[in-house]
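Q: As a plain string of letters, each chain reads:
There are 2 protein chains.
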Amino acid sequence: MARIFWVEDQSHWIDKFKQVLEESAFDGSANELSIFKFAEAAQQKIALTDECKRPDIALLDARINGRDEGGLSVFNALMRKWPDLPVLFLSEHSGTELEKVALEHHALDFISKHQRNVDEVLCWRIKAALRQRDVRQTASGAEKDRVLASGDLRIDIDNWEAYWKGRKLMNPANAKRPLAPTPRKILRCLVERSPRPVTTNQIAEHLGLDPDTYAHATYRQHVKTLRTAIDRADGGNGVFLQQCQNGFGIATCREDGAYCWKRCSYSESK
Amino acid sequence: MARIFWVEDQSHWIDKFKQVLEESAFDGSANELSIFKFAEAAQQKIALTDECKRPDIALLDARINGRDEGGLSVFNALMRKWPDLPVLFLSEHSGTELEKVALEHHALDFISKHQRNVDEVLCWRIKAALRQRDVRQTASGAEKDRVLASGDLRIDIDNWEAYWKGRKLMNPANAKRPLAPTPRKILRCLVERSPRPVTTNQIAEHLGLDPDTYAHATYRQHVKTLRTAIDRADGGNGVFLQQCQNGFGIATCREDGAYCWKRCSYSESK
DNA sequence: GCCGCTGTTCACAAGTTTTTCACGGCGCTT
DNA sequence: AAGCGCCGTGAAAAACTTGTGAACAGCGGC
Chain A
373 MARIFWVEDQ SHWIDKFKQV LEESAFDGSA NELSIFKFAE AAQQKIALTD
423 ECKRPDIALL DARINGRDEG GLSVFNALMR KWPDLPVLFL SEHSGTELEK
473 VALEHHALDF ISKHQRNVDE VLCWRIKAAL RQRDVRQTAS GAEKDRVLAS
523 GDLRIDIDNW EAYWKGRKLM NPANAKRPLA PTPRKILRCL VERSPRPVTT
573 NQIAEHLGLD PDTYAHATYR QHVKTLRTAI DRADGGNGVF LQQCQNGFGI
623 ATCREDGAYC WKRCSYSESK
Chain B
373 MARIFWVEDQ SHWIDKFKQV LEESAFDGSA NELSIFKFAE AAQQKIALTD
423 ECKRPDIALL DARINGRDEG GLSVFNALMR KWPDLPVLFL SEHSGTELEK
473 VALEHHALDF ISKHQRNVDE VLCWRIKAAL RQRDVRQTAS GAEKDRVLAS
523 GDLRIDIDNW EAYWKGRKLM NPANAKRPLA PTPRKILRCL VERSPRPVTT
573 NQIAEHLGLD PDTYAHATYR QHVKTLRTAI DRADGGNGVF LQQCQNGFGI
623 ATCREDGAYC WKRCSYSESK
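Quick mapping for you: the protein sequence lines, in order, are chains A and B. Count along the first sequence from 1, then add 372; that gives the number in our numbering. Count along the second sequence from 1, then add 372; that gives the number in our numbering.
Hints are supplied without guarantee of correctness; some may be wrong.
No copy labels: a pair is met if it fits in one copy or bridges any two.
Said to hold, decoys possible - Straight-line distance between alpha carbons at most 35 Å, and here's what the computed DSBU-like set of lysine-lysine pairs gives:
1) Lys390 to Lys596
2) Lys425 to Lys388
3) Lys485 to Lys557
4) Lys485 to Lys596
5) Lys417 to Lys453
6) Lys557 to Lys390
7) Lys409 to Lys634
Honestly, the hints are just simulated from the structure, not real lab data.
The task is simple: from the sequences and hints, build the whole structure.
A: Okay, structure coming up:
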């Protein structure tokens, strides 16, 4: 369920979008809408909202109750409280100074109400914004404790399974078996420290082994396993391996023989 | 200067936007446009482009040469090579399936060509996209990452990467690879001691090497590497090298065989 | 004991990085 | 003007890293 914070002063627009916003499954279930028809009411709500009830996304009409600054004032209040909240403006006045100012103030998007197929466009953009947020913050609120996510990768801390684009990472040596424990631990360690590099010694420590005996060759071997496993889950066409060479994914740092998880977020076409 | 990678098959759109794209000061100076009228040409260029010439942003027509998948195929190629490159679609077909698919594939934006004031809107959105990239780069783990900055140079202490005007410093010997470790360490040392000169012995000490065996010739060689690396990131036109001769950047201290980082911010305001 | 699995080690080729060498140029001194 | 020392440079040698396949050891189940 996504919490949507929505400011819109004109009833007919509310009527037009309400249903589609409530029912679109942005993340699998119906959404919780908070609608405000006045900037002041919205401001007050922002001030009073607990962190645990924070919205996932905000939609603002740029012009509220006839005042151009209405949307911007709410926007600023939102930004002060939740600097990384994705905010989309929704306005009849695209292509004007209003849009320029909104974008300059780091609004995520500015959607024209007058366009073909607006309600669908709106949903697509909300979905994109939410996904971008997920990618940016490594973990999404609800699952925070049990899931570690970074781009297309998802590690379930409880049962120690890892997924790439929803596909479970398997053992390259035997596609029917899950990824072996040590590589999984290494992957977790890499993701947790990202974007910082992880040296052989740190891995040894993390695995509870003696850093003096834990050879770098072993680490390299596990990294190889991981890279191939992800590549297999990715389609097995070597795209991921190539990305590793370009410094994304499990990148080589050439510094103390360290590797580094660099999130690469994009989805392969279907 | 921003490097813009632009795919557009219709000349009249090129004519319409070319000037404004070239001249808008997204980051203080004129831009470098690479325009492609065919998907294939664009693909080829992507494959052949060195890391140091990587574009800052891409603009794609969604429908190229009559094929819906044209834009998307270029998009995928771009993403494979540079997963974090901001890509904006620019299309006559907003509100259609094309827009949906593009947004689902993590395109940053999808701009309708048919709207009031398109050229300005386009610029605003490009500016917003570039700023977002900068923010992401500087703020990825903002609190935790220690960053050393001096003028246009930024050294990320944690993951050991260095940027000049937002572009990553690459290895001059092989533009696809990052700057080698030793030059990076030397650069850091120079910047940290700036504006005091750093002698060969100090470098040897900093690198944990025996000052007696560490030859000055080696130091000179690394300095050369650094200067070329920065120059490449600067556009590769020798301007930075010139500045070094004039005593800015990595200056030579005639006195005692030392080099010295002299901050030079000749890039105008932002 | 035998089997299958995992984690570790070794050896080696390919590729990178660092160091060395040789030379031309510049400025200063003799 | 010749000599000297030092800087910048290109190329080549030397040293090191990384990725990889194959072999080996340990372990638990049967």
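Q: Indicate, hint by hint, whether the structure satisfies it.
A: Verification of the hints:
1. Lys390 to Lys596: For Lys390 and Lys596, neither the intra-copy (37 Å) nor the inter-copy (46 Å) Cα distance is at most 35 Å.
2. Lys425 to Lys388: Within one copy only: 26 Å inside, 47 Å across.
3. Lys485 to Lys557: neither (48 Å within a copy, 49 Å between copies)
4. Lys485 to Lys596: neither (47 Å within a copy, 46 Å between copies)
5. Lys417 to Lys453: within (11 Å within a copy, 44 Å between copies)
6. Lys557 to Lys390: neither (42 Å within a copy, 51 Å between copies)
7. Lys409 to Lys634: Result: close only across copies, 33 Å inter versus 43 Å intra.
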